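Chemist: This is what each chain is made of:
There are 2 protein chains.
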Amino acid sequence: MSSLEQQSWQSVHDEVLRRIHTREWKPGDLIPKEVELAEQLGCARATVNRALRELASEGFLDRRRKAGTRVAAHPVRRAKLDIPVIRLEIEGRGQKYAYGLLFSERRTPPPEICANLGVTAESDMLHITSLHLADGKPFMFEDRWVSIAATPTILDADLDKISANEWLVLHAPYTRGDIYFSAVNASETEAKVLRTDPGTSLFLMERTTWENNTGITSARLLFAPGYRKHSAI
Amino acid sequence: MSSLEQQSWQSVHDEVLRRIHTREWKPGDLIPKEVELAEQLGCARATVNRALRELASEGFLDRRRKAGTRVAAHPVRRAKLDIPVIRLEIEGRGQKYAYGLLFSERRTPPPEICANLGVTAESDMLHITSLHLADGKPFMFEDRWVSIAATPTILDADLDKISANEWLVLHAPYTRGDIYFSAVNASETEAKVLRTDPGTSLFLMERTTWENNTGITSARLLFAPGYRKHSAI
DNA sequence: AGAAATATTATGTACGTACATATTATCTTT
DNA sequence: AAAGATAATATGTACGTACATAATATTTCT
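Chains G and V are the protein sequences, given in the same order. First residue of the first sequence? That's 1 in the numbering used here, and the numbers climb one at a time after it. First residue of the second sequence? That's 1 in the numbering used here, and the numbers climb one at a time after it.
None of these hints come from the bench; they were simulated from the model. Just so we're clear, the structure is a prediction, and the values are computed from it rather than from any experiment. Where hints are given, some of them may not hold.
Copies of the same chain look alike in the list, so a pair counts if it works inside one copy or between any two.
[Said to hold, decoys possible] Straight line, CA to CA, 25 Å or less: simulated SDA-like cross-link-like pairs of lysine to any residue:
#, residue 1, residue 2
1, K33, K66
2, K229, W210
3, K229, R77
4, K26, A38
Model the full structure from these sequences, guided by the hints.
Modeler: Here you go:
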């Protein structure tokens with residue numbers, strides 16, 4: 001509002017957000033163009049541009065060349081979800097992390113894994129199941145398939161010492177990934193591993209990652225009862 | 001790598017990411033400073049700055065003034081989760097949206113809501129339960145508390161026509177919010193509303209929002225069996 | 001030697017200019 | 001009037017310069 005001296009892109013960001021919040025600019029409204037705002041607020045267009053770009057990426061504004069900038073008609077909130085290595089997630093809660101490899105086998109994948117990763121049924125893959133513990137209690141059950149063609153060095157990794165989860169993050173960065181969150185009833189075996197009862201509701205995270213259209217790994221992460229994933233917005 | 005003519009911040013972004021992916025720069029490594037990179041890649045420092053800033057916000061780099069820029073030692077993936085209005089989520093799937101108000105009452109909140117929103121037990125609040133349907137089938141059961149002090153105009157809203165979910169997004173923008181994702185077993189009443197069996201595993205989203213430390217609303221969104229929340233990464 | 005003051009440095013940001021690009025608006029042609 | 005070509009325009013981005021800021025490194029003081 002006051003066009004005093006130095007303006008930072010943060011202050012422009014906050015001022016625009018204030019006008020949206022107070023409904024001075026309503027959803028769907030066309031807001032002044034960058035040059036006008038810069039003049040109003042007493043700063044350079046680059047500064048306004050940075051602020052508006054930020055607000056657009058946060059979902060508050062819709063911007064299009066020539067058409068101008070509008071307040072988002074249907075504000076879509078973009079939650080930022082941190083997906084850290086499981087060890088760090090557990091240690092971040094102040095709990096002691098432990099890990100146990102349950103099973104590891106080199107074989108060809110079942111149909112659903114082929115479909116997920118886009119590989120053939122004859123692919124050379126590593127199938128690993130493991131359990132992550134927090135303060136000695138089962139925390140997460142990991143069932144993972146890794147393409148050996150995409151990451152041959154995983155055969156040298158000592159998966160008794162370091163989890164596939166962590167090894168992959170450090171040695172096989174990916175370019176693209178998918179995550180699905182859902183809820184499932186524990187099967188007999190899942191319940192046994194996680195020391196709970198069959199039928200208990202469990203939080204499931206399914207992750208698939210690619211490096212330039214080459215499927216790397218597909219994992220099914222099943223969390224112990226009571227797990228909650230948090231996100232600020 | 002080739003320091004030819006025009007360079008865009010995107011190309012710098014991709015080149016740096018390539019060096020991280022190929023482990024030319026390993027986790028923890030200090031990378032060249034902005035001026036050096038700009039020289040190497042044949043562009044202005046501002047361009048390098050934009051690219052590195054982006055990579056830092058994506059979690060690939062850690063940057064500190066004077067200390068320089070390092071490849072993130074523990075890559076934390078930041079998934080971006082879109083939280084649209086339920087109506088749009090359903091329509092986006094190509095299904096027909098419908099909505100029914102189950103219950104609406106003006107009363108004082110129970111202790112857990114007070115704790116969530118940071119309000120007193122004598123607060124004037126609106127308690128609303130409703131059902132969102134996709135193609136005529138129950139999709140999501142919403143149990144919501146709204147602070148009347150924070151948003152008095154909600155008393156004028158016709159909550160038979162527009163859901164509280166959608167009304168609040170359009171009329172009560174918030175500055176801060178929390179989301180928790182988890183899995184729960186359906187209770188008797190929840191199962192009845194969502195037309196499933198008690199004990200079925202359900203995906204739960206708990207949202208609380210504030211406007212400058214004033215609690216606005218706290219909602220419990222319970223999704224029908226089979227629901228999966230997707231996120232690209 | 002240890003503490004405090006000072007210099008150094010890499011990132012952070014602001015500004016003005018210039019040009020690119022996507023889209024809309026306008027004008028021409030048929 | 002419909003279709004196609006052309007002009008106009010708001011955002012997108014690149015660059016160079018200048019200065020701010022935070023953190024580290026160095027020097028000075030006790």
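Chemist: Run every hint past the structure and note whether it holds.
Modeler: The hints, checked one at a time:
no. : hint         : result
1   : K33 to K66   : within (10 Å within a copy, 36 Å between copies)
2   : K229 to W210 : both (24 Å within a copy, 20 Å between copies)
3   : K229 to R77  : both (17 Å within a copy, 14 Å between copies)
4   : K26 to A38   : within (20 Å within a copy, 42 Å between copies)
Consistency note: the structure conflicts with none of the earlier hints.
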